[in-house]
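Residues per chain, in single letters:
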Amino acid sequence: MHKEFADFINSKVSGANATVVEAEVGDSTVFVEASSILATCEALKDSDFEMNVLQCVTGTDYSDRIEVSYILASFTKNSELILKVKLPKTSSDATVKVDSVCSVWKSANFLERETYDMLGVEFVGHPDHRRILCPEDWEGYPLRKDYKVQEVYNDMVVDPPAKINNGDINFFKEIMDKMGDEKKVAYSWKKEDAGSSDTAQ
Amino acid sequence: MKINDLSMLDTNRARYEEELTLGKWFKNIWIALSTAFKGMGITMKYVLTVKPVTIEYPEVKEELPANSRSRLFNDVDNCISCMQCADACPVDCIYITAVRRDKEAPKLKTDGGTPIKLDLKQYTIDTALCCYCGLCTVACPTQCLTHTTDYEFAQYTLGEMKYDYLASDIRAWKHRIVK
Amino acid sequence: MIEINGKPYTGQEQIKSDLLTLNMGPQHPATHGVLRVEIKTDSEIIAQATPYLGYLHRCFEKHVENIDYRGVIPFVDRMDYLASMSMELGYCLTVEKMLGTEIPKRAQYLRTIIAELQRIASHLMFFGTYAIDLGAFSPFLYAFQDREDILRLFEELSGARLLYNYIWLGGVWNDINDDQLRRIEAFCDKMEENLKKYHALVGENKIFISRTANVGVIPVDMAYQYGATGPVLRGSGVNWDLRKTRPYGMYEELDFDVIVGEGLKGQVGDTWDRYYVRMMEMHESIKILRQCLDGIEEGSIMGKVPKVLKVPEGEIYMRTECPRGELGYHLISDGGKTPYRLKVKSSCFTHTSMLPEMAPGMMIADFVAAIGSIDIVLGEVDR
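Protein chains in written order, with this note's numbering: chain A, 5 to 205; chain B, 7 to 185; chain C, 107 to 489.
These are computed hints drawn from the structure, not numbers from a lab. Even glycine gets a Cβ: it sits at the ideal position worked out from N, Cα and C. Some clues are possibly wrong.
If we take Cβ atoms under 8 Å as the criterion, some of the chain C residues that face chain A in the derived model are [as the list claims (entries may be wrong)]:
(1) Gly160
(2) Arg447
(3) Phe455
Result set (DMTMM-like, lysine to aspartate or glutamate): computed pairs, CA atoms no more than 25 Å apart in a straight line [to be verified]:
(4) Lys7(A) / Glu54(A)
(5) Lys296(C) / Glu310(C)
(6) Lys152(A) / Asp174(C)
(7) Lys203(C) / Glu140(A)
(8) Lys168(C) / Glu71(A)
(9) Lys182(A) / Glu110(B)
(10) Lys90(A) / Glu419(C)
(11) Lys149(A) / Glu463(C)
(12) Lys33(B) / Glu167(C)
(13) Lys16(A) / Asp68(A)
(14) Lys350(C) / Glu84(A)
(15) Lys101(A) / Glu167(C)
(16) Lys168(C) / Glu140(A)
(17) Lys350(C) / Asp52(A)
(18) Lys93(A) / Asp141(A)
(19) Lys110(A) / Glu463(C)
Listed next, with one range per pair, are the computed distances between beta-carbon atoms [said to hold, decoys possible]:
(20) Glu368(C) / Glu126(A): 56 to 62 Å
(21) Asp132(A) / Thr163(B): 43 to 49 Å
(22) Leu39(B) / Gly129(A): 52 to 58 Å
(23) Gly206(C) / Phe43(B): 55 to 61 Å
(24) Asn280(C) / Leu54(B): 38 to 44 Å
(25) Glu299(C) / Asp93(B): 47 to 53 Å
Isolated chain A, as found in the complex (with noise of 0.2 Å):
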């Protein structure tokens, strides 16, 4: 099924190099080349295959790259594919770029907006691109693997210092340095927070 996708977009759309990642567990994919997604998208559209809808624009943060997923259905063929990209990452918070698909599906409005909300992919050629669920004036793409949560927005402090469980920390403290020994300590607590900030969030 995989391959004859891959075969018909070789076959349309120049340069797209399609290649199928054969999957044994779950869904196989197809990865195009970025610089053809929109040429691609049309070609599938207008095709045999009938790819009416677009179910879902998403991505996923890698360390080197970002991989941008297309889910297209088919409602009249009953058939669906996920459709990837791979966009190379530079830094934790420059933006990676690919052509906007809006023009084929309008769906993809919201859905670009989000993974741009939230992932950092710019795309090219949007109407309206805008963060969507987090404000205008939010920094960094929280899905990113290496995101940091901004310390101070609008000059609200974000982790505040008096919503942490000192109460608690303390006593484990306590109880670790009477012992000693950590081996003789049972706890719940991870190794990082005891001391740190984020279990009391």
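We have chain A; now place chains B and C onto it with these hints.
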């Protein structure tokens, strides 16, 4: 200001500009009256036959089903400090510290017969963070951590929502609310 | 000065008025949650509407990257809090498909019963609140009275009224007893009568028809363009129901019809059609429930799932038919204990994106009817 191609505009506007003839006018009135009276009949049936179903809460209290997931209670005498509840908790609101029991100290057992090898020093649940999912009670091997059907425990401050189950006043619940 | 298709738009020709910017929400009762729609109106007619989302954004997708697979279930509950069971079912099916778990027959029947009861509860909620949106109060009370029966049953089964955590990986948490099965049967009989009454009370009412027929029409091509699913797509006259076209769980063996909007009171795809699809779907759910009650058999309710769950490396996209439309989970696993990435394709989110195109030319009161008819839950939109 420029608005793009809006195909819906004409459809929507056409609705307000529908032509109205005298016949249509009378027909509209007739349909409106007849359907309204039909609806009134149904409403009237409810008024006359259906008894009130609301519970007048503070005076009348609802009895929750036996496996309702409300306030958590840990019977610390039976706890073996295995940390499985803390591992299962998706919001990390259970804090446990336990110290290895001296070898000379008298041997302790739970009601079920499991030997207790750790002395529990801290067992705190921040119920303000708790999402009442029930995963901790399922993980508990000695069934000492349970949800009770006690649902009235609002507090004035967040600090009061933190339950230290080793404190004597909370230990006293054992005879009151454990199901 | 607004221009539409190159021509100047004069609005109500005789009276000249400036565009008025009006914020509907985030605390507007008719938006069913915290949705803010910024509308520009020319007197009563809307010229432009822009939805602003994110008031309920919790970044659930980031959360679950740090939680083991079992712990995710309480979080998916909180997306569409009016149909938590359906959310859980979709998630569990996704992970189970990756694991290759076999689900016992009884658990499958139970899941189907629960999912259909949840569909009825969710549609009853729609019916009640939609009537309130349009000015009718008593249907709300009737709908809640019936919904209460379902919630009480769910409470007895799972222990909670709204956020159940009942459907687990491999099966369901608690077993159902014969008494509860009989109660569901009695509920089906009662509900069938009541639904007819409700439809006569609201759906056939002239005022209701005037408010809904020909309002907020979504033609088929627009529905496809925006990726509409569920009752919204079926209201536009498309025979598409995942339970039929891509069956999961028990649905292959069950007999039911797909309700499609026919434009009985106006055009195909108007808000009345979407209301009609939901009301008739409840009848189909009752049909499914009866078949499940006949077929349910004794047996275990949990399949074999390893205690320390590790999902094999790979990815999957799984769709299920929820009361509000298709819910898709895109799970990427790196073979560890936690999901590497879990993307939720929410139907409400895509439906919200239709508002800017639906709104222009509507009156403000009709816009309320249009928002109500696509039946969004903001917990699922923002996640």
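>> For a quick check of understanding: which of the numbered hints are violated here, in increasing order?
In response: 7, 11, 12, 13 and 20
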